[in-house]
Structures are given as structure tokens and as C-alpha cells.
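From first to last, the protein sequence lines stand for chains A and B. As numbered in numbering that gives the first Met the number 0, the first sequence has no gaps in its residue numbers, which increase by one up to the final residue, 299. As numbered in numbering that gives the first Met the number 0, the second sequence has no gaps in its residue numbers, which increase by one up to the final residue, 705.
Derived by calculation from the structure, the hints in this document are not laboratory data. Watch out, some of these pointers could steer you wrong.
Derived lysine to aspartate or glutamate pairs resembling EDC-like cross-links, with alpha carbons at most 20 Å apart [said to hold, decoys possible]:
id, chain 1, residue 1, chain 2, residue 2
1, B, Lys346, A, Glu257
2, B, Lys315, A, Asp103
3, B, Lys221, B, Glu232
4, A, Lys172, B, Glu264
5, B, Lys337, B, Asp327
6, B, Lys337, A, Glu67
7, B, Lys146, A, Glu113
8, B, Lys319, A, Asp171
9, B, Lys329, A, Asp62
10, B, Lys633, B, Glu657
11, B, Lys319, A, Glu106
12, B, Lys692, B, Asp611
13, B, Lys146, A, Asp114
14, B, Lys319, A, Glu67
15, B, Lys229, B, Asp244
16, B, Lys30, B, Glu62
17, B, Lys315, A, Asp171
18, B, Lys272, B, Asp327
19, B, Lys146, A, Glu129
20, B, Lys329, A, Glu173
21, A, Lys172, B, Glu318
22, B, Lys346, A, Asp248
23, B, Lys421, B, Glu273
24, B, Lys533, B, Asp477
25, B, Lys73, B, Asp103
26, B, Lys438, B, Glu243
27, B, Lys146, A, Glu117
28, B, Lys319, A, Asp177
29, B, Lys229, B, Glu248
30, B, Lys605, B, Asp671
31, B, Lys438, B, Glu273
32, B, Lys319, A, Glu173
33, B, Lys272, B, Glu408
34, B, Lys315, A, Glu173
35, B, Lys315, A, Glu106
36, A, Lys172, B, Asp327
Each pair of labels, with its calculated beta carbon distance range [to be verified]:
id, chain 1, residue 1, chain 2, residue 2, range
37, B, Lys337, A, Ile184, 32 to 38 Å
38, B, Lys269, A, Met287, 54 to 60 Å
39, B, Asn262, A, Ile184, 32 to 38 Å
40, B, Thr185, A, Met287, 33 to 39 Å
Think of the CB as a built atom: it goes at the ideal place given N, C-alpha and C, for glycine as much as any other residue.
Chain by chain, the residues:
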Amino acid sequence: MSLNFQQIILTLQQFWAEQNCIIVQPYDIEKGAGTMNPMTFLRSLGPEPWNVAYVEPSRRPADGRYGENPNRLYQHHQFQVILKPSPDNVLDLYLESLKRLGIDPLEHDIRFVEDNWESPTLGAWGLGWEVWCDGMEITQFTYFQQVGGLDCSPVAVEITYGLERLASYILDKENVFDMPYVADITYGDVFHQPEFEHSKYTFELSDVQQLLAWFNSYEAEAKRILDAGLVFPAFDYVLKCSHTFNLLDARGAISVTERTGYIGRVRAMARQCAQVYVQERERLGFPMIKQSVAVGGAEQ
Amino acid sequence: MSGRTDLLLEIGMEEMPARFVRGAMEQLKDKVTAWLVAQRIGYGTVQALATPRRLALVICDVELHQAAKSDWIKGPALKSAKTADGGYSNAALGFARSQGVSPDQFEVRSLGSIEYLYVLKEDAGRETATLLEETLPGLISGLTFPKNMRWSTHELRYLRPIRWIVALFGEAIIPFQITNVTSGNTTFGHRFLGGELQIVSPRTYADALREQYVIADPTERKALIETQLKQMESEHGWHIPVDEDLLEEVLFLVEYPTALCGNFEEAFLKIPKEVLMTSMREHQRYFPVLDAAGNLLPHFVTVRNGNATSIQVVAKGNEKVLRARLSDAKFFYEEDHKKTIDACLAKLESIIQQEQLGTMGDKVRRVEMSSAKLVALTDSDETTRLNLARAAAICKFDLVTAMVYEFTELQGLMGEHYAELKGENTVVSHAIREQYMPKGAGDALPSSRVGLLLSMADKADNILGCFYLNMIPTGSQDPYALRRQAAGIVQMLAEADVQLLLSDVFEAAWNGFKEAKVSRELKLDDAAYARCKKEWDTFIGLRLKNMLESRGVRYDVVDALLSRPVDDVKWLVARADELMQQLANDEAGLKKSVEAWLRVCNLASKAEDVLDISQIAWQTDAERTLSDAIVNAKDRFMNAVQGCDARSSLQVLSAWVEPISIFFEHTMVMVDDAELRKERLSLLHAGASIIWKFADFSKLVWSSGV
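Let the sequences and hints guide you as you build the complete structure.
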């Protein structure tokens with residue numbers, strides 16, 4: 000099989016669609032990780048079953064390297080899978096997905112190394128592994144225990160493939176920019192210029208005063224909308240706050256002391272979103288409970 | 000009733016955290032065997048096994064049946080058991096009912112002088128299989144782990160999700176269910192190389208798994224890895240230093256170990272060896288490879304979870320990953336080269352040491368102040384003073400280097416390396432590394448005076464800072480390793496070639512807090528001083544106790560010495576060693592002396608205001624002799640203390656034994672004449688105040704027959 004970056008994404012989408020996941024599209028607000036997509040952050044809460052997969056372009060301003068580092072990027076892509084409740088054969092399913100990508104566990108060294116995930120910004124934590132393929136971390140595997148400060152029950156499992164890492168390994172490229180996106184277009188053709196420009200903006204041109212003002216406005220708006228009981232639009236502004244904070248942080252504009260304060264402010268909103276979401280679903284009578292979509296043949 | 004068979008228990012889980020597997024394996028073994036003992040079920044050999052995916056236990060020759068037992072159950076006293084007409088009372092009949100016997104089975108037995116009704120309760124015991132079935136579900140779900148999780152829809156909190164359970168007693172399945180998992184005889188081999196299999200009988204467990212590429216016994220797995228490493232060493236003429244912690248982790252990351260080696264570009268060897276080794280170990284769990292002379296070679300060894308199939312692919316993949324890691328390290332190293340020490344120091348001003356205490360810059364200024372204070376108390380020359388001042392000023396600059404940000408454990412080490420590159424002299428650069436020594440009990444001390452004083456100042460500052468904030472370690476909670484640091488101070492004062500007191504170290508640190516120019520205003524009033532000093536004394540006291548105990552000093556000797564205030568650690572150690580030696584050589588002799596001293600000390604505590612005994616005109620020879628002995632001894636005793644000569648100081652006290660006994664033979668102390676009583680008590684007090692400088696001898700415990 001002649002793979003390229005696009006093929007890898009399509010293969011994963013196809014595979015998880017076959018496992019009864021709905022495939023949603025990337026969420027249209029800047030975020031640091033697929034976990035922050037409401038399809039994960041909010042939907043992993045409450046009793047309703049939920050199986051979803053999607054690609055998430057994830058922005059980490061501090062990791063920007065002007066397109067010069069072969070592995071570090073301002074924006075990378077995650078392939079995110081959420082299965083709630085976590086099926087019993089979830090590890091087998093995951094390994095099956097690797098086989099589809101041409102990674103035969105018999106030919107490689109696949110290991111599950113303990114890794115406990117925590118996001119202070121989201122008030123979330125979980126236990127699981129980083130999955131190593133021949134010493135390289137290619138996936139984060141997490142059983143969510145709490146999200147937005149609420150206990151997850153039933154527990155959702157999150158599978159996050161780091162697409163650039165995985166692809167550069169499968170495609171045997173030392174530098175992500177050299178990977179074929181499709182046969183005659185490289186990843187660099189598509190992303191190099193934005194990498195450079197975003198790095199330059201982040202580290203040299205971003206307007207700290209403006210960013211601070213935005214943070215405050217976004218926060219005020221999120222709170223105002225939360226008070227009106229509308230969780231999805233409110234959460235959008237929480238994401239805006241989070242990204243603005245990341246830009247400020249990357250710019251070195253936030254001292255260590257202030258940092259804790261900003262993270263606390265975002266977390267407080269995220270927690271409130273989680274609570275409002277669950278209340279709202281309850282008011283609606285948890286409508287998705289009636290659908291019982293079995294993933295991987297697991298009992299529901 | 001006397002038959003036996005074997006027991007197998009296997010809990011199959013998704014990959015457990017390597018660091019918790021051994022503990023969990025031991026716990027399962029301990030809980031099951033303790034239960035068997037409590038249930039009066041005999042058993043033979045026990046083998047605990049574990050891999051990343053399973054905890055298992057094989058117990059051979061378990062009795063099929065609980066041992067019978069009989070107990071005498073006590074009922075009402077005989078006198079209340081009978082009615083006036085000679086029949087049994089309601090109390091007696093109720094007792095019979097409650098024990099399920101008829102009154103004709105009563106026996107009368109005496110307890111003390113009273114007679115009671117008794118019944119002999121026979122418990123024939125039950126089938127082990129039934130008991131296992133009842134007990135195992137609770138026992139297995141009751142295992143406790145340092146970190147627990149929930150999964151799917153289950154309420155159980157466990158180390159990792161349970162996927163299967165094998166429970167065999169002989170060849171029979173012990174049936175039960177935990178979450179949605181039903182016990183059986185089906186297990187799973189290696190995740191990739193093995194398959195599903197049925198275990199026929201417990202004794203075949205390990206062998207059956209071996210065929211499915213699982214080495215279930217960690218000891219066997221460990222030996223296998225070690226053999227493979229040895230083989231590589233002899234094949235290539237390498238030396239592979241095995242870090243036990245790493246081996247233990249690797250052991251529980253793999254079910255079927257196959258060691259393999261890979262290479263990296265020689266160009267990376269320009270980076271300091273410690274950096275490369277740390278990166279390989281911490282990030283990748285690789286074993287570094289050295290040549291016979293101890294030089295790092297451009298190779299690494301990793302242990303694959305699987306067999307040798309496509310091992311070159313695995314090696315190549317690992318090489319690629321390591322290359323990226325080392326490129327990062329090289330990048331950090333080169334970036335760090337571009338930074339000046341001054342630029343790093345400036346950055347310390349924006350790093351918070353602790354919210355309320357201020358920045359690392361503040362900390363450095365305190366340490367500069369306190370180390371200067373310490374060096375002034377020692378017999379150090381001007382060069383030492385200047386070197387210490389420089390070392391203190393730059394002691395934390397490496398904390399803001401990229402390398403230390405990446406690998407915290409390289410703090411100090413990178414500081415030394417970079418300082419040398421920036422042209423600092425070797426004394427100063429060594430001291431930057433040595434400030435973190437000793438790293439644990441019995442670890443080497445800083446080799447130079449500069450490193451030693453810097454280490455003391457740094458540690459005392461950390462301790463005092465936490466105490467000021469009321470963050471005092473309790474139980475297992477000691478996030479800043481204050482105990483280790485306090486023990487380090489004690490060890491340095493005890494063993495290093497420097498004459499300093501515990502109070503010198505405390506005062507210097509306090510002075511640092513008081514005098515250094517810092518960004519946070521702290522409330523350093525007398526109340527804060529008193530509170531911190533009190534905590535410090537208690538905390539250090541416990542470290543002194545540990546230090547003495549680890550020297551093998553008897554608990555009563557420790558008690559005798561630590562009941563008196565301690566300031567000079569060397570003097571403390573000298574006295575402890577001397578007393579231990581005296582006790583070993585001549586306990587009876589020491590006991591005789593101590594008895595004399597204690598007579599003095601006991602009465603001396605009654606003295607209220609004391610007189611200068613050298614000014615008293617004594618009336619009797621007994622008084623005069625003792626007074627002379629004490630007055631003359633005082634200087635000699637204090638000289639011995641100064642010289643840390645415990646033997647001589649004890650000899651000084653021993654010389655009083657005779658005068659003391661003559662004194663008490665001829666002198667009544669508590670006489671009615673108030674003036675005379677005061678004189679005599681003053682005399683004893685003068686003696687006691689010297690004896691107390693050595694120890695509170697009343698705490699000593701003597702062997703019987705001495």
C-alpha cells in the first residue's frame with residue numbers, strides 16, 4: 000500500500016466508522032488538543048453513550064519553531080476517538096487500527112507505558128498509557144475519570160493518535176515537512192508557510208495588550224452566556240480564552256504566578272460548562288440513552 | 000479429609016503500570032496465604048508470578064478441607080443456671096438454644112473459683128473449594144493500589160481494567176464474577192505472539208504460558224534479560240551498567256524479553272555523557288553502553304516485548320527515535336552555550352521558588368548571605384571565602400538552562416559543566432554540583448569546604464523557608480525532601496572537616512532571611528523566629544536520632560544523649576561511640592559510676608539558687624575533697640569537650656566516683672540549717688551541671704545481672 004498523510008487519515012476514519020463511530024469534522028475554533036473539542040469535552044459527560052472520531056488541528060503556540068524543527072509544530076493534527084462506555088476490547092480495536100495502517104505488531108515493538116493525563120485547564124484527568132511503537136510515542140490512551148470536575152460515569156476512553164508522529168514513522172521521514180500529503184504534494188507544501196508565519200506572529204508580533212483585553216472580553220462573554228444557560232456558545236468563548244492564554248504564555252507575557260491565576264480562571268469556566276451541559280441533557284431526558292450502538296461488540 | 004490439591008489464581012488486566020506490578024503481586028500472595036492460615040487450611044509451596052498483563056499465584060498442595068476445631072463455649076454461671084427445683088433456668092436454656100445443643104450436653108467447668116456451664120462446640124470445617132468461591136471475589140476486588148481507575152459502566156476502582164480471571168482448584172474452576180468478568184480456565188498468551196489457551200491444572204500454568212510467549216515468573220524474566228545483556232557484553236567487549244530501577248521497570252514492561260542493540264551518531268558524544276545517559280534512560284528506557292574504560296559508546300540496548308522476528312526493524316525504529324531525542328538534547332546544549340551566566344541569573348528573578356517566599360533570585364541572595372556568615376565562623380582563608388561568595392552567587396544559574404528544564408535531575412551537574420565552560424574556576428564549578436550532596440543517607444559529602452558550606456546553606460534555607468510557611472513534613476508527606484536535606488546537614492556536621500554547630504547553621508539561615516534583599520516582605524519577628532527554631536530543633540532532633548540509630552547506638556544511649564540539648568554533632572557522635580564502647584567493655588564499671596553520678600544529679604535538681612562553690616569555706620574533708628575534685632575538673636572537662644575527646648571527659652567524671660561516695664557516707668545534704676543545705680546543694684549542682692553536659696545517665700538501661 001502506498002501511504003501518504005491523507006491516506007493515513009482516511010484509513011483511520013474508515014476504520015473507526017466501521018466500528019460504529021460517527022465521524023464528525025474538526026471544530027472551527029482554535030484549541031490546543033482534540034480533548035477540548037465539545038464532541039469530547041462535553042459529550043464525555045453524563046450517562047449517554049457516545050462514539051465519535053475526528054481529526055483535530057491542534058495549536059500549541061509555544062511549540063512553534065518557524066518551520067525549522069523537523070518534529071515540533073505550532074499546529075499539529077490529532078486523530079481523536081471517544082468511546083463511551085469504554086468497550087472491553089478497546090485495546091484490540093486500537094491494535095487492529097494500527098494493522099490497517101500497515102503496522103504489524105509482530106514486526107514492531109508495541110508497548111503500553113503508563114501515562115496519567117491531567118489537564119488543569121479543563122479540570123480533567125484520566126489514567127492510561129502512551130503507546131510506543133519501536134520506542135516512539137504514537138498514541139495517548141486515556142480512560143477519563145473526571146472531566147470539568149465531574150466524575151465520568153460511565154467512563155469514556157479517549158484514543159489520541161499523534162498524526163504527524165505516526166505518519167513520519169510510517170512514511171519513514173525524518174522531517175515532517177518532507178512527508179507526502181498526497182503523491183506529489185508534501186506536508187511542507189501545505190503547512191510550511193503557516194508554520195513560519197504563526198511562529199513569527201506568536202513570538203514577535205502578537206500584541207500583548209490586545210491579547211489581554213481579548214482574554215478578559217472572552218471571559219466576560221463566556222460567563223454572560225453561561226448565566227443564560229447556553230453551554231455550547233459559552234464553551235466557544237472558553238476555548239477562545241484558552242487559546243489567547245496560550246498565545247500570551249508563548250509570548251512570555253505571563254509570569255509564573257499569574258499563570259496559575261489564568262489557568263484557574265479558564266478551569267472555573269470549564270467546570271461551569273460541564274455542569275450546565277449535564278443539567279441541560281438531563282432536562283432533555285438524556286435523549287441518546289435510547290440508542291444503543293455497540294462498538295466492537297461490547298455490551299452496553 | 001486429608002486430600003490436597005493445587006490452587007491457581009490469575010487476574011488478567013490491561014497493561015498495568017510497571018512500577019506497581021511487583022507490589023500488587025506480593026499483595027495478592029500475602030492476602031491469600033494469610034487467609035488460608037486464618038481458615039486453618041494447610042498448603043505447600045507458594046509461587047507469585049506477574050507480567051504487565053497478569054497477577055498470578057500458584058499454591059501447591061492446598062488442603063481440600065478446613066481443619067476441624069473445637070472450642071469450649073462459656074455459658075452462665077452454674078449458680079444462675081439452675082432453678083430452685085433443680086431444673087435449668089431460662090438463662091441456661093437460652094444458652095443451649097443459642098448454641099444449638101440440648102441441655103444434656105452441658106458440662107460444668109471452673110473458671111477461677113466460679114463454676115460455669117460450658118458446651119463443646121465442634122466445627123468440622125468446610126470444603127476449601129466452597130470457601131474459595133465465597134472469598135476470592137472479595138479478596139481480589141479488595142486488593143489496594145496506589146492509583147485506581149474506573150472503566151466502562153463498572154463501579155469497581157482498580158489498577159487497570161480486569162479482562163479475565165483464571166481460578167482453578169485442582170482441575171476444577173472456582174466460579175465467581177467480578178464486574179462483567181467470569182472466572183474460568185481460559186487465559187491469554189503474549190498479546191501479539193500468543194493466543195488464547197486453557198489451563199488444565201495449576202502446576203502447568205507457567206509452562207503453558209511459556210509456550211505462548213509469556214515468561215510469567217519475574218525472576219526468570221529478569222535472569223533472562225541479564226543473560227542477554229551479558230551475552231552482548233562478551234560479544235562486543237562492552238560494559239552495560241545495569242541500573243536496577245530501570246531493569247525493574249523494563250522487567251514489568253515486557254512479557255517475553257528480547258534485548259537488542261542500536262547505534263547513534265558519534266557526533267552526539269560531544270554532549271556530556273550524563274545528558275546522553277539520562278536521555279536514553281528517562282525518555283526511552285534504554286541501557287547505555289560503555290567501553291572497558293568507562294567511556295560512553297555510540298550504542299544503546301533496549302529490551303523488546305517479543306521475539307527476534309524483524310528485530311532489525313525494531314532497532315531501526317528505535318534509532319530514529321533516539322536520533323530525534325539526542326538532536327533535541329544537542330539543540331538544548333548548544334542553546335545553553337549561547338547564554339551567559341549573568342543572563343541566566345537575571346532570569347532567576349522571574350522564577351518563583353515558592354509563592355510566598357519569592358523568586359529563585361531571592362533565594363540565591365539569602366544563600367549568599369548565610370553562606371558568608373557560615374564561612375566567617377570557620378578557619379577558612381581568603382581564597383575559600385571568595386570562591387564561596389562566587390559559588391553562592393551563581394549556584395542556581397543552571398536552573399534556567401534548557402537542559403535542566405528538560406531533565407531536572409541534571410541540576411548542579413549541568414551547572415558545573417557550563418560554569419567550567421564559562422571560565423569559572425574548578426572550586427566554584429565543583430561547588431555548584433556539590434551543593435546537592437549528600438544525595439541520600441551514606442552518600443558522599445561535598446569534597447571541598449566551599450561545596451560543603453554551600454550545601455549546608457542551601458539546605459538550611461530550604462528547610463527554614465518551608466518551616467516559615469508552616470509546611471512541615473508529616474507521615475509520608477515530604478514533597479520537598481526536607482528530611483533528606485536535614486539528614487544531610489547532620490551528616491556533614493558529623494563527618495566533614497569543619498567545626499560548626501547546629502545553631503550556627505540555623506542562625507546563618509535565619510540571618511539570610513532577615514538580611515537579604517528580597518522581593519517579598521516576610522514577617523520575621525521574634526514569634527516567627529521562636530516558632531521556626533522550635534520546629535527546627537524537633538526536626539533536627541529526629542534526624543540525630545536516626546543518625547545515631549543507624550550507627551548502631553542503643554536506643555537508651557540515644558535517649559540519654561538526646562535528652563540533653565545538642566548543638567555539636569561531632570561531640571554527640573563521640574559521646575555515643577564512647578558510651579557504646581564502655582557498655583561493651585565494662586558495663587558493671589560504668590554502672591557503678593553512673594549510680595554515683597545519679598545520686599549527685601537527683602539531689603542537685605533540688606537546688607534553688609546556687610552559690611559559687613570555690614568561695615565556700617567547707618567544714619569537712621568529704622565536702623572539701625569533692626568540691627576540689629569538681630572545681631579542678633571543670634577546665635579539664637571543658638577542654639576535652641573542645642577537643643571532642645569523649646574518653647577523657649568521661650575519665651574526668653569517673654575520678655569523682657570515690658569522692659562522691661565518701662561525701663554521701665559522711666554528709667547529710669538535706670539538713671535543717673538552710674545555709675548549710677544551700678552550700679551542699681550548690682556543691683552537688685556544680686557537679687551535676689557538668690555530668691549533664693555529657694548525658695542524662697538516668698535513661699540508661701542495664702543488662703540484668705550487672
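Results for each hint:
no. : hint                               : in the structure
1   : Lys346/B with Glu257/A             : holds, 16 Å
2   : Lys315/B with Asp103/A             : holds, 15 Å
3   : Lys221/B with Glu232/B             : holds, 16 Å
4   : Lys172/A with Glu264/B             : holds, 17 Å
5   : Lys337/B with Asp327/B             : holds, 16 Å
6   : Lys337/B with Glu67/A              : holds, 19 Å
7   : Lys146/B with Glu113/A             : holds, 11 Å
8   : Lys319/B with Asp171/A             : holds, 9 Å
9   : Lys329/B with Asp62/A              : holds, 17 Å
10  : Lys633/B with Glu657/B             : holds, 17 Å
11  : Lys319/B with Glu106/A             : holds, 16 Å
12  : Lys692/B with Asp611/B             : holds, 18 Å
13  : Lys146/B with Asp114/A             : holds, 12 Å
14  : Lys319/B with Glu67/A              : holds, 18 Å
15  : Lys229/B with Asp244/B             : holds, 18 Å
16  : Lys30/B with Glu62/B               : holds, 17 Å
17  : Lys315/B with Asp171/A             : holds, 10 Å
18  : Lys272/B with Asp327/B             : holds, 15 Å
19  : Lys146/B with Glu129/A             : holds, 17 Å
20  : Lys329/B with Glu173/A             : holds, 16 Å
21  : Lys172/A with Glu318/B             : holds, 13 Å
22  : Lys346/B with Asp248/A             : holds, 16 Å
23  : Lys421/B with Glu273/B             : holds, 19 Å
24  : Lys533/B with Asp477/B             : holds, 19 Å
25  : Lys73/B with Asp103/B              : holds, 15 Å
26  : Lys438/B with Glu243/B             : holds, 18 Å
27  : Lys146/B with Glu117/A             : holds, 14 Å
28  : Lys319/B with Asp177/A             : holds, 15 Å
29  : Lys229/B with Glu248/B             : holds, 19 Å
30  : Lys605/B with Asp671/B             : holds, 14 Å
31  : Lys438/B with Glu273/B             : holds, 17 Å
32  : Lys319/B with Glu173/A             : holds, 8 Å
33  : Lys272/B with Glu408/B             : holds, 14 Å
34  : Lys315/B with Glu173/A             : holds, 12 Å
35  : Lys315/B with Glu106/A             : holds, 12 Å
36  : Lys172/A with Asp327/B             : holds, 17 Å
37  : Lys337/B with Ile184/A: 32 to 38 Å : holds, 37 Å
38  : Lys269/B with Met287/A: 54 to 60 Å : holds, 59 Å
39  : Asn262/B with Ile184/A: 32 to 38 Å : holds, 34 Å
40  : Thr185/B with Met287/A: 33 to 39 Å : holds, 35 Å
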